[in-house]
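Chemist: Listed here are the chains, written in short residue letters.
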Amino acid sequence: DTGVSQDPRHKITKRGQNVTFRCDPISEHNRLYWYRQTLGQGPEFLTYFQNEAQLEKSRLLSDRFSAERPKGSFSTLEIQRTEQGDSAMYLCASSLWGLAGTNEQFFGPGTRLTVL
Amino acid sequence: AQSVSQHNHHVILSEAASLELGCNYSYGGTVNLFWYVQYPGQHLQLLLKYFSGDPLVKGIKGFEAEFIKSKFSFNLRKPSVQWSDTAEYFCAVNDDYGQNFVFGPGTRLSVLP
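Protein chains in written order, with our numbering: chain W, 31 to 146; chain V, 382 to 494.
For reference, chain W alone in the conformation it holds in the complex (with noise of 0.2 Å):
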């Protein structure tokens, strides 16, 4: 399968613990996406990634969250001190930006978390 993958599909943890999830991208995608989605809503975007380099942070992204694309390649997302309120699945997209690509998003499976 040459989709987007994330790892793990769910995670369980308890109020107050850190939580790092990855995501690996279509390998020739330049664009990596973190969105949040709880449900009966639509997806939220929390951040992305050209390359390497983070270009755009939503204004709700709390400083307890950090996402990180060292080479380029895959990303991670990681929730410090979790709340309850963080409890959602997390989506990861990837896309091809520039002159060969049109920027359509490919989505992964997500990663559910539940904090107790």
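These aren't lab readings, by the way, just hints derived from the structure by calculation. Keep in mind that the hints are not guaranteed to be accurate.
As the list claims (entries may be wrong) - Ranges between beta-carbon positions, derived for each pair:
1) W:E108 with V:Q423: 36 to 44 Å
2) V:H388 with W:R111: 36 to 44 Å
3) V:P460 with W:E113: 31 to 39 Å
4) W:I56 with V:Q480: 29 to 37 Å
5) W:G33 with V:E396: 27 to 35 Å
6) W:R111 with V:P436: 44 to 52 Å
7) W:H40 with V:P494: 25 to 33 Å
8) V:P421 with W:R94: 30 to 38 Å
9) W:T106 with V:P460: 22 to 30 Å
10) W:G102 with V:Y478: 14 to 22 Å
11) W:D37 with V:Q480: 21 to 29 Å
12) V:S407 with W:Q84: 36 to 44 Å
In this text, all values refer to a predicted model and were calculated from it rather than measured experimentally. Note that the Cβ used here is the ideal one computed from N, Cα and C, for glycine as well.
Fit chain V to the supplied structure of chain W, relying on the hints for placement.
Modeler: Relative to chain W, chain V alone:
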């Protein structure tokens, strides 16, 4: 800031009925528009997209959408739905630089056999 609204939270149709899902956005500049679908238990998939040119775009599975710039709308249509179209449908928009990507809240479509 950009925003996207979708007119209906939940739509229930019988098979063979026609479908139209509303989507309106607010943004002053050039936009790219998308419709994504999420089937039960699956991840988001692109149905169709508009970047430029003909405002009537055709997507997969018989879906089409019309961009009406004066109305800031991008409604999704299908002439005859099938039970397998049961899913959540999301309208989305980003600016011409591929930034400010915003999703609508989604419309759940239930098609009765």
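Chemist: Now tell me, hint by hint, if it's right for this structure.
Modeler: Quick rundown of the hints versus the structure:
1. W:E108 with V:Q423: 36 to 44 Å: The hinted range 36 to 44 Å is violated for E108 (chain W) and Q423 (chain V), with Cβ atoms some 27 Å apart.
2. V:H388 with W:R111: 36 to 44 Å: Because 39 Å falls inside the window, the suggested range holds.
3. V:P460 with W:E113: 31 to 39 Å: violated (47 Å)
4. W:I56 with V:Q480: 29 to 37 Å: Distance hint for I56 (chain W), Q480 (chain V) is violated at roughly 20 Å.
5. W:G33 with V:E396: 27 to 35 Å: For G33 (chain W) and E396 (chain V) the Cβ distance comes to about 30 Å; the hint holds.
6. W:R111 with V:P436: 44 to 52 Å: holds (48 Å)
7. W:H40 with V:P494: 25 to 33 Å: holds (31 Å)
8. V:P421 with W:R94: 30 to 38 Å: With a Cβ separation near 32 Å, P421 (chain V) and R94 (chain W) satisfy 30 to 38 Å, so the hint holds.
9. W:T106 with V:P460: 22 to 30 Å: violated (45 Å)
10. W:G102 with V:Y478: 14 to 22 Å: holds (19 Å)
11. W:D37 with V:Q480: 21 to 29 Å: holds (27 Å)
12. V:S407 with W:Q84: 36 to 44 Å: Violated, at about 26 Å.
Against the hints set out earlier in the document, violations occur for numbers 1, 3, 4, 9, 12.
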